[in-house]
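A.B. asks: Using my numbering, the letters of the sequence shown correspond one by one to residues 238 to 822.
These are calculated hints, taken from the structure and not from any lab test. Here the structure is a predicted model, which is why all the values come from computation and not from measurement. Keep in mind that the hints are not guaranteed to be accurate.
Unchecked claim - Lysine-lysine pairs mimicking BS3-like chemistry, simulated, CA-CA at most 25 Å apart:
{"id": "1", "residue 1": "420", "residue 2": "363"}
{"id": "2", "residue 1": "306", "residue 2": "363"}
{"id": "3", "residue 1": "614", "residue 2": "590"}
{"id": "4", "residue 1": "454", "residue 2": "369"}
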Amino acid sequence: MSTTATIAEYQAQNKARLISEVRRRFEAEYVTDKSDKYDSRDVERLQQDDNWVESYLAWRHNVIDETLKMLDESFQWRKEMAVNDLTEASIPRWLLEIGGIYLHGYDKEGNKLFWIRVKYHIKDHKTMLDKKKLIAFWLERYAKRENGKPVTVMFDLSETGLNNIDMDFVRFIINCFKVYYPKYLSKIVIFDMPWIMNAAFKIVKTWLGPEAVSLLKFTSKNDIQDYVSVEYLPPHMGGTDPFKYSYPPLVDDDFQTPLCENGPIASEDEASSKEDIESDGKDTLETISNEEQTTLPKKGNIMEPTSKADENEKVDSKMKTFKKPLSVFKGPLLHISPAEELYFGSTDSGEKKALIVLTNVTKNIVAFKVRTTAPEKYRVKPSNSSCDPGASVDIVVSPHGGLTVSAQDRFLVMAAEMEQTSGTGPAELTQFWKEVPRNKVMEHRQMNRRETEKLKFHNMDTSCKCGRNRGKLSTSPKWCRPSPPPAEDQRKPVLRCCQGKHNKHGLRCHIVESCKPSSLTWKDHAFNMSDKTSGDLCHQLSRLVASTRKLEDQVERCIWFQQLLLALTMLSLSFMVSLFYLLYS
238 MSTTATIAEY QAQNKARLIS EVRRRFEAEY VTDKSDKYDS RDVERLQQDD
288 NWVESYLAWR HNVIDETLKM LDESFQWRKE MAVNDLTEAS IPRWLLEIGG
338 IYLHGYDKEG NKLFWIRVKY HIKDHKTMLD KKKLIAFWLE RYAKRENGKP
388 VTVMFDLSET GLNNIDMDFV RFIINCFKVY YPKYLSKIVI FDMPWIMNAA
438 FKIVKTWLGP EAVSLLKFTS KNDIQDYVSV EYLPPHMGGT DPFKYSYPPL
488 VDDDFQTPLC ENGPIASEDE ASSKEDIESD GKDTLETISN EEQTTLPKKG
538 NIMEPTSKAD ENEKVDSKMK TFKKPLSVFK GPLLHISPAE ELYFGSTDSG
588 EKKALIVLTN VTKNIVAFKV RTTAPEKYRV KPSNSSCDPG ASVDIVVSPH
638 GGLTVSAQDR FLVMAAEMEQ TSGTGPAELT QFWKEVPRNK VMEHRQMNRR
688 ETEKLKFHNM DTSCKCGRNR GKLSTSPKWC RPSPPPAEDQ RKPVLRCCQG
738 KHNKHGLRCH IVESCKPSSL TWKDHAFNMS DKTSGDLCHQ LSRLVASTRK
788 LEDQVERCIW FQQLLLALTM LSLSFMVSLF YLLYS
């Protein structure tokens, strides 16, 4: 043990010495006279972020001179591309909508998958800069959130041809991981590469260098599951992932912890809310079958009005203002209600709130966290706590500071089973989540790509934005309920989540607002439907035009080859005739 400790201490000291030397020499040799070459934010980060410096050192095998050259090249590129200022607004919307480049899913080692769908890329010098910015945008976004964790690049070459291959763009992607984002590359998985591109990827190997060539993995439908499980593979790769790319929002599943009711959760809040939850949480969960739902016409919105005085009461008194959710997602650790969509209703004070009910179905304590894609907009109480065996927890979600609820916002409930001896205080929970292996975390996503519409219902003060009931009135006079998903869809989340001890469950937002007169409602519906239809038609037409162009290129290429073969044949025939003439004359 003493020898191991001594070696570890020496390595730590040597690493600190190298980092200090890199900072000193870079400041003296590169920054002093040419400070305008770099973004000042990058120079400042270099002096503060040890991991960042260490990533450059490790990639250059701790050779300081090589590391300094790499930093110089990387920092100049970062300023030229304005990497620190890249946002969604910096990227043309059509590039984000087409779905050619995005982050989604994990490989078998727990590394994030960086998808590059090559069939959506057509070589065009006019759009090259925008495509490079899109690559930089995704990598910088990922690097800031997952400091030091590598990614696996998925080159999907299915349905591609020569007109999709742009070697300059491929070289840029390689340089991103060789120079600009060192140590972020786990491997490059190349799927279904056409034989005609073998020569092109031999060139790619020379760009990677001898050490990184081993990171290239050429796969087909038969062996891609060696690197990525079927859960994160699309159907055309032999997988079962139902994910369909859409924008907005961005699809990197960037869920973050929202605010609790009074800002960041303090230990006092956790203790008090946990006591309140244990006292009456069991009474709030209601499981209703589809048959029972059809016989309950008096069930209203998930929220009922509450007086202003009651809003400042404890969690148990707040729960009385909510109708219990009607749908339940039955996971291996928690039953989560509602199952898919979170509905916000207005109280008398005008504040919109929603209720999430969690029920522990295991024999151990289950830790849970609630995250959202818009943490600045919501307060959640509690957002990071635990649930005892057999107990239920009520979670109140409300927009922060009167901000508007958006149907694009998503919520994520994360759950993991704890050991019997584990503590459940804030410090223990924080440490517990740090130690949970990422490759064991399972995800459940049910994205509703249809736009929400406002519908009119008789004898009620609210209208529903439920996308499932779009275009038809409910037969129930006073309440709206979403139609249940098919039985097959209900089984999928359970089967997927049972594969591990951790469960991620996604919820989408809907807001229940006051209705318009019937005529206005149907006009809105007609306009929305026509806008959606025309938008879909335009998208389909644009794809049809692109496919037609591709077909024309292929036909022209075939005609050119035929003409070439004909010319060669005629030339050969002329040569043979001339030869015979000379021989016999």
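A.B. asks: It remains to establish, for every hint, whether it holds in the given structure.
C.D. replies: Tested hints:
1. 420 / 363: Between residue 420 and residue 363 the Cα gap is close to 31 Å, so the pair fails against 25 Å, i.e. violated.
2. 306 / 363: Answer violated: residue 306 to residue 363 is near 30 Å, above 25 Å.
3. 614 / 590: 12 Å, holds
4. 454 / 369: Holds, at roughly 23 Å.
In the structure shown, a violation is registered for the earlier hints numbered 1, 2, in ascending order.
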